[in-house]
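A.B. asks: What follows is the residue order along each chain.
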Amino acid sequence: MSIVMAGVSLLTYGLVFVTPGDPAYTILHERRGSPPSDAEVAAFRAEHGLDEPFVSQYLSWLSGVLRGDLGTSYFRSESVSTLLLQYLPNTLELAVAAMIVSLALAVPVGVVSAVHRDTWIDRTSQIAALLGVSMPNFWLGYLLILVVSLQLGLTPTSGSGTLSHLVLPAITLGTGLAAIVTRLVRTSMLEVLEAEYVDTARSKGVRERLVVYKHALRNALIPVVTIVGLQFGFVLSGAVVVEVVFQRPGLGTLLVDAVFARDYPVVQGVVLVTAVAFVITNQLVDLAYVALDPRIERGERA
Amino acid sequence: MRLDVSDLHVRFRTRSGAVHAVNGASFAVDSGEIVGLVGESGCGKSVTARSIVRLEDPGEITGGSIEFGGTDLTGADDRTLRRLRGRELAMVFQDPETTLNPTYTVGEQIAEALRVRRDPDDQPFLRELFAGVRSRVGSKRTRKRVLELLGEVGIPRPEDRIDDYPHQFSGGMRQRVMLAIALARRPSLLIADEPTTALDTTTQAAILERLATLNDEYGMGLLLISHDLGVVSQLCDRIVVMYDGVVVESGPTRELLSSPAHPYTKALLGCLPGRSEPGETLPTVGGSPPDGSPPPAGCVFVDRCPFARKDCREDSQPTLNLEDGRTVRCDVSDAREADLETMRVATAADPIDGPGPDLNPGDRGRTAAVAVDGGVETDSPTDSTADPSGSAVDNPILELEGVTKSFRTTDALVDRLLGTAERLTAVDDVSLELRAGETLGLVGESGCGKSTLARVIAGLESPTAGTVRLDGEPVDDVDSRRDDQLADVGVVFQNPGTSLNPKRTVGESLAEPLLEAGWGERRRDERVEELLSLVELSPEYAGRYPRQLSGGQLQRVAIARALAVEPAVLVLDEPTAALDVSVQATVLNLLERLQRQLDLAYLFVSHDLEVVRHVADRVATMYLGRLLEVGPASQVLSEPAHPYTAALLEAIPDSEATAGGAGLAGEPPSPTDPPSGCAFHPRCPMADDDCATVEPTWETVGDASSRCHYADERADEHDEN
Ligand code: SF4
Ligand code: SF4
Chain B
1 MSIVMAGVSL
11 LTYGLVFVTP
21 GDPAYTILHE
31 RRGSPPSDAE
41 VAAFRAEHGL
51 DEPFVSQYLS
61 WLSGVLRGDL
71 GTSYFRSESV
81 STLLLQYLPN
91 TLELAVAAMI
101 VSLALAVPVG
111 VVSAVHRDTW
121 IDRTSQIAAL
131 LGVSMPNFWL
141 GYLLILVVSL
151 QLGLTPTSGS
161 GTLSHLVLPA
171 ITLGTGLAAI
181 VTRLVRTSML
191 EVLEAEYVDT
201 ARSKGVRERL
211 VVYKHALRNA
221 LIPVVTIVGL
231 QFGFVLSGAV
241 VVEVVFQRPG
251 LGTLLVDAVF
261 ARDYPVVQGV
271 VLVTAVAFVI
281 TNQLVDLAYV
291 ALDPRIERGE
301 RA
Chain V
303 MRLDVSDLHV
313 RFRTRSGAVH
323 AVNGASFAVD
333 SGEIVGLVGE
343 SGCGKSVTAR
353 SIVRLEDPGE
363 ITGGSIEFGG
373 TDLTGADDRT
383 LRRLRGRELA
393 MVFQDPETTL
403 NPTYTVGEQI
413 AEALRVRRDP
423 DDQPFLRELF
433 AGVRSRVGSK
443 RTRKRVLELL
453 GEVGIPRPED
463 RIDDYPHQFS
473 GGMRQRVMLA
483 IALARRPSLL
493 IADEPTTALD
503 TTTQAAILER
513 LATLNDEYGM
523 GLLLISHDLG
533 VVSQLCDRIV
543 VMYDGVVVES
553 GPTRELLSSP
563 AHPYTKALLG
573 CLPGRSEPGE
583 TLPTVGGSPP
593 DGSPPPAGCV
603 FVDRCPFARK
613 DCREDSQPTL
623 NLEDGRTVRC
633 DVSDAREADL
643 ETMRVATAAD
653 PIDGPGPDLN
663 PGDRGRTAAV
673 AVDGGVETDS
683 PTDSTADPSG
693 SAVDNPILEL
703 EGVTKSFRTT
713 DALVDRLLGT
723 AERLTAVDDV
733 SLELRAGETL
743 GLVGESGCGK
753 STLARVIAGL
763 ESPTAGTVRL
773 DGEPVDDVDS
783 RRDDQLADVG
793 VVFQNPGTSL
803 NPKRTVGESL
813 AEPLLEAGWG
823 ERRRDERVEE
833 LLSLVELSPE
843 YAGRYPRQLS
853 GGQLQRVAIA
863 RALAVEPAVL
873 VLDEPTAALD
883 VSVQATVLNL
893 LERLQRQLDL
903 AYLFVSHDLE
913 VVRHVADRVA
923 TMYLGRLLEV
933 GPASQVLSEP
943 AHPYTAALLE
953 AIPDSEATAG
963 GAGLAGEPPS
973 PTDPPSGCAF
983 HPRCPMADDD
993 CATVEPTWET
1003 VGDASSRCHY
1013 ADERADEHDE
1023 N
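Protein sequences appear in the order of chains B and V.
If you read the first sequence in our numbering, its first letter stands for residue 1, the second for the next number, and so on.
If you read the second sequence in our numbering, its first letter stands for residue 303, the second for the next number, and so on.
It should be emphasised that the hints constitute simulated quantities derived from the structure, not laboratory data.
Watch out, some of these pointers could steer you wrong.
One-sided excerpt, in silico: chain V residues whose CB lies under 10 Å from chain B [stated by the list, open to error]:
no., residue
1, Leu-383
2, Leu-386
3, Gly-388
4, His-469
5, Phe-471
6, Ala-484
7, Glu-557
8, Leu-559
9, Ser-560
10, Pro-815
Since the structure is predicted, the reported quantities are computational estimates derived from the model, not experimental observations.
In this text, a Cβ means the ideal position worked out from N, Cα and C, and glycines have one as well.
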């Protein structure tokens, strides 16, 4: 795990380092509203250590990180940690809400689709899933704003804080994932419904609904969990777009602003947090595995 | 409650048209009765069984009725079905590997059946979901009942096992759990579809006995579906024989087995190796098995029947009632009255035996000759034993000396570095020899190491200690064997379906070992043709793919492939275990002929003692990686000098067996931690204190040797009898 983290940090640091554009120049220009003089640029560089070689820059950043200090934003003069703490909850809230939306949609639809295989129910849901996969996030977002917020006036168009602020972004972000998961649940369910133990359950006189949701679904979810875990990255990248569309303050908006402003410490901070989030979800996936599948020895994967 | 199946038709719709699986089957099971439903694969017996509990999907019932306790199940609604399944009608399926839900504890799976039984109409959704999430059975009362049930089906220490998951159980134990699930409902009829086919003979004996007791104690009716006449005859009051989706004969067990009326029943009984003298050519059923096409108007067996007349094909055969409660579907009295012996001659001599799809016309004369010779004369058993007596003076072609093979049980690096990994000794100090023209049968329960030993001989594993000698020269694994040494050993595995590459034609598969041995193309082609004719397949088969072949034909190809580079030794690992009895008979006959023709030495690994009795000259019994007894088949399999061999013999299901020997208690201990002293002592009925501490040495008893302190006493016992 720590190896993964070190790799990620080095990579992002390196990427930022080689991107064209001089942060000192850009930032000073922005602050003053006019092109800065060479002396000012040099002073800025010295202040932030930008004139040192890559390795020592990286090492000093790394030692900072290890001490819990992610540096200071060039632009806002706030510490990166403060910014992250301020924006992270919003994004997490969105990501989790989107996950819930997608699972709440995908699991029942996938199951029903599999149970009523090759009927109109199945076909409708398949087409819906296809639409869901192919529809771009931002497009759906604008569409929802247009209809739900502007026409019907049910939710605010932008901002964050209340549940009604969350609904549209969560739906926007969740549907894409839902479409993928629906298909997965369906395939996995179809396979499991063929299994002998499903017939065993039926032969016991268990109600069909329980046969499906108790005996089949739990087994069908085992492969789904991995994919959902991997899709978390998809959710985070989607969050960037969705946050911009709905003008929600969050890691996405923070990152976009920071990239345009060449606010490197912030960019690195956001990437680092994302990487941590990835690693954590992987651990969660493993836990979910153990909970779902008793064949995996407890503790064996730790 | 009585089960009455009449004129049942079931068919499956497939892309290549409808498959007619059941074509008018009729039979009944009285309450408390044990009925056996037998037939070979594809005869529709499993589909019939599943239709009774209405799990025939994706098949559909297209006609007939299934009446159970007065209700017609073919038209029953979900609620009625739920009630019946929950309380009256239970089913146990064949493969215990797949029939238990891997994600719930066995306790919960049994408890669920109990809850359903209590009230089939009230199954609260959330309660059930929640019950599954908990890792132990909740209610005290239910838990107690589950424990009772586990004890009843013979699971030792139920309290320790109730909260375990299916993967923590062995196959035999899982099948017991399935049985407990069935019994939880206290059903009036239990349908068991090949309940012991996937299990060892000793486990099978224990389970069958359990079934008999349950029938006795609770008056539970039992419909036992099986391809194994031995199993059925041991347990059943009545037998129903099915062929191509139709019941061809039924009747009380004793009458049906002693004087079968239908030619198919006769043929089926004749194929059993246990019914022929050892070494004798087995009678076979000619022609190919049914393929699910619409049944002919007349008799379903007409294409393979040696007594067939012209009108058999057109006229629908009536079901005749014979005096002793038997019914038979054959209107030709000569055929009904022919006894087994005439039937044998008829099958052996009749050309019907020949034009099976897998016979090379050029080879016909020879096969027919062999068949007649084996079928009529009874003194052929000496053939294979007398013949090599000339060569017996030769040195053994294969010798094992103190061969041991152990594996690490974990691959973790740390364990490897520290040497803390447990080692599993699969083969422990085995010494054997094998001479040309001889068959050595290697028997034992699954996990006893017989397959590992076969792999060591074939060079697929290299022994941890000891030596394998081929023709007197020590050899290691395949990588270090010389070409001629490689050529010396051929291997045939149990499942030809997986050992042949599905993407290669038969010809390509056969040519592969030749290519490796550096044969030129012309010679290869000639050899492939020669090989096919050796195993009685016509040359066209070279161009076919494995999926176009039947199980028996595939096994022939596998044998041909093993013979490609003219080996002296053939290792046969359960070569007929996956085949139907009639197909098994043809394959065994083929092996017998090849041995005589090519003077081959066979190492025949099998769990089926009847088959081993039939083919083997000598027998070795293996337990926990060790040999326990070695000796001539005739002696070892009739007067075993080791309690383990005796127990294996007792476990053979057989009509003649006296009131079901109790067989072996429990299962073999884990090979990672073998018992001290005599490895067999925890299960040995004769064990005493010495056995637990002192490891027995080889004792000679007659021509055999046995590793038991009391081998002599056993021998004396036989003498007294
Ligand atoms: S004699 Fe005729 S009716 Fe009887 S089994 Fe043979 S083919 Fe069928
Ligand atoms: S040595 Fe003892 S335990 Fe082993 S087989 Fe003989 S009697 Fe049984």
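A.B. asks: Each hint: holds or not?
C.D. replies: Hint-by-hint comparison with the structure:
At its closest, the beta carbon of V:Leu-383 sits 8 Å from a beta carbon of chain B; the interface hint therefore holds under the 10 Å criterion. Of the supplied interface hints, the one on V:Leu-386 holds, with its beta-carbon coming within about 7 Å of a beta-carbon of chain B, less than 10 Å. Contact between V:Gly-388 and chain B, as hinted, is supported at the beta carbon level, the nearest pair being about 3 Å apart and thus within 10 Å. A cut of 10 Å between beta carbons decides the hint on V:His-469: the least distance to chain B is about 5 Å, and the hint holds.
For V:Phe-471, the interface hint is violated, since its Cβ never comes within 10 Å of a Cβ in chain B; the closest pair sits about 12 Å apart. Contact between V:Ala-484 and chain B, as hinted, is supported at the beta carbon level, the nearest pair being about 9 Å apart and thus within 10 Å. Because the closest C-beta pair between V:Glu-557 and chain B is about 33 Å apart, greater than 10 Å, the hint is violated. Annotation: interface hint on V:Leu-559 violated; nearest CB of chain B at approximately 31 Å, more than 10 Å.
Given hint, V:Ser-560 at the interface with chain B, is violated; its Cβ is 36 Å from that chain's nearest Cβ, farther than 10 Å. Violation of the interface hint for V:Pro-815 is found here, the shortest Cβ-Cβ separation to chain B being roughly 37 Å, above the 10 Å cut-off.
Hints 5, 7, 8, 9, 10, counting from the list given before, are not met by this structure.
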